[in-house]
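2 protein chains.
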Amino acid sequence: MEITGTYTDQYQLTMAQAYFNNGRKDEKAVFDYFFRKLPYDGGYAVFAGLEILLDVLEKLKFDDTDIEFLSNQGFDAAFIDYLRKFEFTGTIYSSREGDVVFPTRPVLVVEGTLPEAQIVETLLLNILNYHTLIATKASRIRLVAGERKLIDFGMRRAHSTAAYHASRAAVIGGFNATSNVKAAKDFDIPVSGTMAHAFVQSFDEELEAFQNFANVWPENCVLLVDTYDTLKSGLPNAIKVAKELEESGNRLKGIRLDSGDLAYLAKKSRQMLDDAGLEYVQIAASNQLDEYVIKSLLDQGAPIDVFGVGTSLVIGRPDAALDGVYKLVYANEKPRIKLSESTAKITLPDKKQVYRIYNTKGEPIGADLVALANEESMDLMHHPFDVLRQMKLANCKREPLLNKVMENGKRSGDPRSVSEIAEYSKERLGALPEEYKRFDNPHIYKVGLSTRLNDARNELINQYK
Amino acid sequence: MEITGTYTDQYQLTMAQAYFNNGRKDEKAVFDYFFRKLPYDGGYAVFAGLEILLDVLEKLKFDDTDIEFLSNQGFDAAFIDYLRKFEFTGTIYSSREGDVVFPTRPVLVVEGTLPEAQIVETLLLNILNYHTLIATKASRIRLVAGERKLIDFGMRRAHSTAAYHASRAAVIGGFNATSNVKAAKDFDIPVSGTMAHAFVQSFDEELEAFQNFANVWPENCVLLVDTYDTLKSGLPNAIKVAKELEESGNRLKGIRLDSGDLAYLAKKSRQMLDDAGLEYVQIAASNQLDEYVIKSLLDQGAPIDVFGVGTSLVIGRPDAALDGVYKLVYANEKPRIKLSESTAKITLPDKKQVYRIYNTKGEPIGADLVALANEESMDLMHHPFDVLRQMKLANCKREPLLNKVMENGKRSGDPRSVSEIAEYSKERLGALPEEYKRFDNPHIYKVGLSTRLNDARNELINQYK
Numbered sequence: 001m002e003i004t005g006t007y008t009d010q011y012q013l014t015m016a017q018a019y020f021n022n023g024r025k026d027e028k029a030v031f032d033y034f035f036r037k038l039p040y041d042g043g044y045a046v047f048a049g050l051e052i053l054l055d056v057l058e059k060l061k062f063d064d065t066d067i068e069f070l071s072n073q074g075f076d077a078a079f080i081d082y083l084r085k086f087e088f089t090g091t092i093y094s095s096r097e098g099d100v101v102f103p104t105r106p107v108l109v110v111e112g113t114l115p116e117a118q119i120v121e122t123l124l125l126n127i128l129n130y131h132t133l134i135a136t137k138a139s140r141i142r143l144v145a146g147e148r149k150l151i152d153f154g155m156r157r158a159h160s161t162a163a164y165h166a167s168r169a170a171v172i173g174g175f176n177a178t179s180n181v182k183a184a185k186d187f188d189i190p191v192s193g194t195m196a197h198a199f200v201q202s203f204d205e206e207l208e209a210f211q212n213f214a215n216v217w218p219e220n221c222v223l224l225v226d227t228y229d230t231l232k233s234g235l236p237n238a239i240k241v242a243k244e245l246e247e248s249g250n251r252l253k254g255i256r257l258d259s260g261d262l263a264y265l266a267k268k269s270r271q272m273l274d275d276a277g278l279e280y281v282q283i284a285a286s287n288q289l290d291e292y293v294i295k296s297l298l299d300q301g302a303p304i305d306v307f308g309v310g311t312s313l314v315i316g317r318p319d320a321a322l323d324g325v326y327k328l329v330y331a332n333e334k335p336r337i338k339l340s341e342s343t344a345k346i347t348l349p350d351k352k353q354v355y356r357i358y359n360t361k362g363e364p365i366g367a368d369l370v371a372l373a374n375e376e377s378m379d380l381m382h383h384p385f386d387v388l389r390q391m392k393l394a395n396c397k398r399e400p401l402l403n404k405v406m407e408n409g410k411r412s413g414d415p416r417s418v419s420e421i422a423e424y425s426k427e428r429l430g431a432l433p434e435e436y437k438r439f440d441n442p443h444i445y446k447v448g449l450s451t452r453l454n455d456a457r458n459e460l461i462n463q464y465k
Numbered sequence: 001m002e003i004t005g006t007y008t009d010q011y012q013l014t015m016a017q018a019y020f021n022n023g024r025k026d027e028k029a030v031f032d033y034f035f036r037k038l039p040y041d042g043g044y045a046v047f048a049g050l051e052i053l054l055d056v057l058e059k060l061k062f063d064d065t066d067i068e069f070l071s072n073q074g075f076d077a078a079f080i081d082y083l084r085k086f087e088f089t090g091t092i093y094s095s096r097e098g099d100v101v102f103p104t105r106p107v108l109v110v111e112g113t114l115p116e117a118q119i120v121e122t123l124l125l126n127i128l129n130y131h132t133l134i135a136t137k138a139s140r141i142r143l144v145a146g147e148r149k150l151i152d153f154g155m156r157r158a159h160s161t162a163a164y165h166a167s168r169a170a171v172i173g174g175f176n177a178t179s180n181v182k183a184a185k186d187f188d189i190p191v192s193g194t195m196a197h198a199f200v201q202s203f204d205e206e207l208e209a210f211q212n213f214a215n216v217w218p219e220n221c222v223l224l225v226d227t228y229d230t231l232k233s234g235l236p237n238a239i240k241v242a243k244e245l246e247e248s249g250n251r252l253k254g255i256r257l258d259s260g261d262l263a264y265l266a267k268k269s270r271q272m273l274d275d276a277g278l279e280y281v282q283i284a285a286s287n288q289l290d291e292y293v294i295k296s297l298l299d300q301g302a303p304i305d306v307f308g309v310g311t312s313l314v315i316g317r318p319d320a321a322l323d324g325v326y327k328l329v330y331a332n333e334k335p336r337i338k339l340s341e342s343t344a345k346i347t348l349p350d351k352k353q354v355y356r357i358y359n360t361k362g363e364p365i366g367a368d369l370v371a372l373a374n375e376e377s378m379d380l381m382h383h384p385f386d387v388l389r390q391m392k393l394a395n396c397k398r399e400p401l402l403n404k405v406m407e408n409g410k411r412s413g414d415p416r417s418v419s420e421i422a423e424y425s426k427e428r429l430g431a432l433p434e435e436y437k438r439f440d441n442p443h444i445y446k447v448g449l450s451t452r453l454n455d456a457r458n459e460l461i462n463q464y465k
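The listed protein sequences correspond, in order, to chains A and R. The first sequence: position 158 = 158 (our numbering), numbered continuously. The second sequence: position 260 = 260 (our numbering), numbered continuously.
Just so you know, these hints were derived from the structure itself, not from any lab. Please note that a few of the clues may not be correct.
Claimed, not checked - Quick look at which bits of chain A chain R covers, simulated, 3 or more residues with Cβ under 8 Å:
1. 1-15
2. 173-181
3. 246-259
4. 334-340
5. 439-453
Ideal Cβ placement from N, Cα and C applies to all residues, glycine included.
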């Protein structure tokens with residue numbers, strides 16, 4: 001399936017037709033993409049999916065089958081003609097892909113005509129929500145794994161074709177490689193994989209299977225040792241093959257444990273390998289791993305060098321969804337607001353900029369300030385919902401976070417590679433103080449409003465109440 | 001992204017190379033697809049994704065970019081040449097798409113050459129696991145919703161392009177329509193959608209927004225009433241527009257509630273609409289719904305006619321994954337087994353058939369029997385793990401569940417449409433006794449082994465222990 005114009009919710013098109021019929025097809029609108037709650041009860045999220053979104057928007061068209069289908073859905077001929085010629089001509093300001101981002105503040109801003117900005121809402125949410133969910137999960141796993149190798153094994157349990165994006169997002173969040181060949185090819189990610197149980201089972205003897213594989217892949221041989229009995233059969237056979245490889249001038253790369261008590265088996269395996277003089281053979285582990293299991297294994301001193309992580313990574317367990325939203329903040333030449341009985345769901349009107357705040361030494365103080373786009377003086381930061389809480393920002397340094405990444409439908413710079421994005425993410429996550437990265441009750445990163453934005457919002461609330 | 005040969009795990013290819021180099025490229029192998037645990041702690045699963053899988057297998061090729069990439073990954077030239085000419089030539093026996101299926105028993109069986117059956121493992125699991133997870137979730141929501149209309153709203157929170165398959169699986173499980181235009185187009189599913197908050201916000205007045213929309217869509221007008229204040233603003237404005245529509249000979253189709261206490265607001269809204277003589281105006285509700293919330297709303301007597309279900313449906317919350325597996329059961333002219341320290345993870349060897357058991361009146365007794373493919377006499381059903389438990393099957397009727405759906409890489413019959421599959425699923429789920437469909441502690445459906453299969457398995461276990 002290719003993403004074309006119909007990759008959207010039907011209501012985007014019924015609304016677009018209404019805008020179109022009422023002479024609003026060229027009216028400017030601004031939408032914010034943001035989320036209200038961090039995934040995994042964590043202290044940050046890793047923003048991802050931007051380059052994929054820009055790729056899609058640059059090429060977005062309603063193809064012939066789209067046009068034919070919509071022509072039979074009650075849309076007007078003039079609007080169908082508009083869709084036939086549709087291209088996305090909007091301008092996008094965005095956080096940089098890989099940056100750490102926080103709730104409430106705009107992560108990305110779309111400025112475009114009212115119909116086009118509406119039509120792209122669904123695909124934008126669909127892409128950014130998932131990428132960010134998975135990159136964030138991957139970064140949590142990286143935090144506990146230290147320098148150990150992390151491989152994405154999730155393809156078979158990913159939500160159908162989402163596997164393709166999962167592997168990319170995993171690397172942005174800090175994974176080293178993927179088992180997913182297509183993602184590796186298209187996103188230039190290291191690929192990894194050796195053997196499954198089926199290979200061992202397909203031979204009468206485990207040893208024969210190991211020898212056979214080592215013969216074909218002498219330089220890239222990781223033996224899966226738990227098909228029959230890890231310590232009584234798998235390890236002794238693997239050691240035998242390692243010795244045979246040594247005779248032919250090669251080295252067994254590793255063994256993989258995929259069931260049982262991984263901490264116990266890793267320790268025993270390490271000992272057996274070391275006793276056989278095979279200190280160089282690595283131990284890889286897989287089977288229902290996530291950041292908590294890996295932390296527990298390492299806390300127990302399990303000598304595991306490589307972790308293969310599948311389901312939990314690619315589905316973003318336990319959340320499995322990021323509730324990112326896309327809200328209208330400017331239309332018909334006026335700032336716009338959505339009210340709600342829940343204060344936290346009231347939107348921030350108008351075109352805005354977001355600043356990361358640093359102290360005079362250039363250290364991040366754990367705060368992002370949301371201000372109006374054209375605002376200059378910003379000495380005070382207001383809590384978004386609690387009128388009594390404010391923070392002074394005198395002498396602070398400000399880094400603007402939303403930068404133009406697309407202008408009139410064209411990318412503003414060259415696409416960034418996955419490795420470049422991953423490197424940037426590592427740097428930004430590194431700069432984030434530890435207290436925001438711990439898993440239990442992480443410190444709450446401050447997101448506040450400038451005085452002018454705060455006033456503008458309160459004025460609009462009063463106007464509609 | 002299109003699914004081609006590289007849509008697989010790297011280890012499938014390293015294993016395939018090893019089979020190939022060892023003269024096993026034409027050796028016959030048989031793999032079973034099955035799962036060990038039902039999703040959602042429920043009593044059944046709805047099998048889905050088969051037609052998608054068959055589509056993919058019929059067209060599967062390594063394209064030029066695949067071949068180029070793999071050529072640089074250390075694969076041998078002769079094997080690369082094999083991949084260049086690769087087509088899937090296997091034969092598939094499967095449960096019918098939409099049928100209710102249960103743990104342990106094969107849901108689908110692939111017979112093919114060892115390398116080809118190995119290469120397609122990942123895409124098969126990737127497609128069937130997700131479709132089955134979502135169709136099952138949809139069917140649970142249908143069970144509580146009765147005859148009310150159910151619409152899939154999940155596209156923005158689905159795992160990127162998985163949205164496309166989610167909408168299809170939702171309809172197989174009993175949903176009426178989707179908001180996802182592309183899925184509606186390609187799978188011939190009814191599409192649904194009217195307006196979002198942004199539309200209302202883009203006008204200075206809510207009433208103006210409603211009138212504007214009603215003017216463009218007089219026959220398909222569902223007004224979203226909670227942008228500012230549901231009962232004080234949204235409902236009065238919707239009633240005004242409904243009256244105006246009546247004057248022009250039309251009828252307001254419905255209102256939609258998307259926040260707040262849906263039970264309370266639905267009752268109040270119904271009353272206000274009825275008091276205005278608008279009994280025909282339907283009430284639609286959305287916002288974080290799932291089978292439990294819908295049940296609660298209906299238990300409270302909320303007069304809701306249409307439910308829009310998003311995130312929970314398309315991510316299959318809370319499980320978000322089905323752990324379906326694909327295990328080698330026959331290779332090198334012998335039945336194969338995988339042992340495990342956990343008895344429940346020991347596989348069932350050899351080529352098999354599965355039978356649904358009916359009593360003499362033709363009523364299902366809540367049992368599927370797994371037997372060897374060539375077995376005739378099956379009077380006893382053995383518990384798969386508990387040697388003391390058996391059940392007599394004398395005078396029972398048997399329905400074979402695995403039927404040939406693909407032979408030598410070609411579909412055996414015409415593809416089935418989504419509506420046909422949904423109809424079949426409804427019938428099969430209808431035939432399943434209620435006790436397997438309740439949410440709390442559902443009755444456990446029996447899956448057992450024939451005597452010959454049981455003996456064959458025990459013999460192999462002893463051989464490897």
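Hints and how they fare:
no.	hint	in the structure
1	1-15	holds (count 14)
2	173-181	holds (count 3)
3	246-259	violated (count 1)
4	334-340	holds (count 6)
5	439-453	violated (count 0)
Hint compliance for this structure: hints 3 and 5 are broken, all remaining hints hold.
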